[in-house]
Every structure is written in C-alpha cells, then in structure tokens.
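*Asks:* Sequence:
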Amino acid sequence: MNNLFPIFIKLENLHTLIVGGGYVGLEKITAVLDNSPEATVTLVSPEIRNEIREMAEENSRITLIERKFDENDFQDKDLVIVATNDKEENRRIKEAARSLHILCNVADTPALCDFYLSSVVRKGNLKVAISTNGMSPTMAKRLKEVLNEALPENLETAMEQLKAVRDMLKGDFAYKVDELNRITSVLVKKK
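Residues 1 to 191 in full-length UniProt numbering are what the sequence shown lists, from first letter to last.
Fair warning: there could be bad hints in the mix.
[To be verified] Capping the alpha-carbon separation at 25 Å, the derived lysine to any residue pairs in SDA-like fashion look like this:
| # | residue 1 | residue 2 |
| --- | --- | --- |
| 1 | LYS68 | TYR116 |
| 2 | LYS10 | LYS170 |
| 3 | LYS170 | LEU187 |
| 4 | LYS10 | VAL128 |
[Claimed, not checked] Label-pair ranges, simulated between beta-carbon atoms:
| # | residue 1 | residue 2 | range |
| --- | --- | --- | --- |
| 5 | LEU169 | PRO46 | 20 to 28 Å |
| 6 | HIS101 | GLY22 | 23 to 31 Å |
| 7 | GLU51 | LEU155 | 29 to 37 Å |
For the record, the hints were derived by calculation from the structure and aren't laboratory data. By construction, the Cβ of each residue, glycine as well, lies at the ideal position given by its N, Cα and C atoms.
Using the sequences and the accompanying hints, generate a full structural model.
*Replies:* Set out below in structure tokens:
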C-alpha cells in the first residue's frame with residue numbers, strides 16, 4: 001500500500017543540496033531544474049560531469065563545489081538529494097540530514113528516502129506526478145508515456161476557461177465547488 005502524501009513544493013523558495021556529480025547527480029539536477037527552473041541548487045562532489053558544469057555556466061542559481069561532502073554543506077539548505085555511488089557515505093549523509101531535520105532523498109535506496117522524485121507528466125499548467133512507492137521507477141516511466149499520449153494538448157485552454165468561470169462565480173466556497181463539479185462532470189461521465 002502506498003502511504004506517501006503527494007505534495008508539490010515551490011523549490012524556488014528553498015535551497016536544494018545535491019551531493020554527487022556523476023550521471024545520477026546529473027539526472028537529479030536536471031529533474032529539479034526541469035520542474036522548478038528558478039530553484040537554487042548547490043551541488044557538491046569531488047568530480048563533476050561536464051554536462052553539470054555547462055548547466056552551471058548557463059544558470060547563476062547553480063553553485064558547484066568540487067570537493068567531498070562536508071556536514072557544513074547543510075548550512076542554509078532546505079532539502080538534500082544524495083546521488084553518490086558510495087552506500088556508506090549515502091547513509092552517513094542521510095543520518096546527518098535527519099539530525100538536522102532536513103528532508104533527504106537517497107537515489108536508488110528507498111529505505112533511506114524521506115521523499116521520492118516522481119515521474120512527471122506536464123501539459124501546460126497541469127502537472128501529474130506518478131509514484132510507485134519506490135518499487136519501480138521503470139513502471140512510473142511507462143505510465144508517464146501512456147498519460148502523455150492520453151491527455152489532450154488543449155488542456156491548457158480548458159483550464160484557463162475553468163479558472164475564468166471560477167473567478168466569476170459568486171457565493172461561498174461550497175457553492176463554487178458544487179458549480180465547478182457540475183460543469184466538469186462531463187469529463188468523467190461514461191459513454
């Protein structure tokens with residue numbers, strides 16, 4: 001059973017620390033910035049891939065620190081993503097993060113994660129996150145492909161129209177919810 005609480009975080013208001021500058025570190029920083037282009041990210045690693053360096057050259061919100069992780073790197077950080085290939089180091093970083101009450105994701109180690117990075121489907125302002133509870137990122141990736149194909153491209157227009165209707169509705173919150181539910185019921189009626 002998946003007991004995870006789905007949440008969308010405004011990373012532009014937080015400072016994210018990524019530990020690890022290899023392929024997985026590249027994957028994680030790319031995921032963060034693809035979803036939150038205004039995020040502030042500090043990446044710490046003794047070795048940093050050229051693709052990450054190129055990203056940092058083009059984005060002033062990325063800071064690269066080319067050395068081994070130090071617990072002082074947690075200072076002023078709100079979230080940490082660990083992407084090293086050293087399992088003991090990953091565990092040590094996770095324990096240090098926990099002691100400071102900093103949420104931590106350790107790549108490919110669900111037992112050490114406070115949160116998972118989800119597979120994401122985007123259509124304009126619609127964003128759907130997919131979780132398999134850390135069991136199968138491959139399944140999440142396939143579901144993403146299915147949803148990308150299934151969701152129409154004109155969802156943005158429909159959402160703009162519904163927002164305009166919501167803004168025009170008078171009455172209390174319950175009335176507005178009932179009206180919007182009535183208007184959108186056509187989306188879920190079986191044929």
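*Asks:* None of the hints should be skipped; say for each whether it holds.
*Replies:* Results of checking the hints against the structure:
no.: 1; hint: LYS68 - TYR116; verdict: 24 Å, holds
no.: 2; hint: LYS10 - LYS170; verdict: 30 Å, violated
no.: 3; hint: LYS170 - LEU187; verdict: 23 Å, holds
no.: 4; hint: LYS10 - VAL128; verdict: 15 Å, holds
no.: 5; hint: LEU169 - PRO46: 20 to 28 Å; verdict: 57 Å, violated
no.: 6; hint: HIS101 - GLY22: 23 to 31 Å; verdict: 28 Å, holds
no.: 7; hint: GLU51 - LEU155: 29 to 37 Å; verdict: 32 Å, holds
Checked against the numbered hints given earlier, the structure breaks hints 2, 5 and satisfies all the rest.
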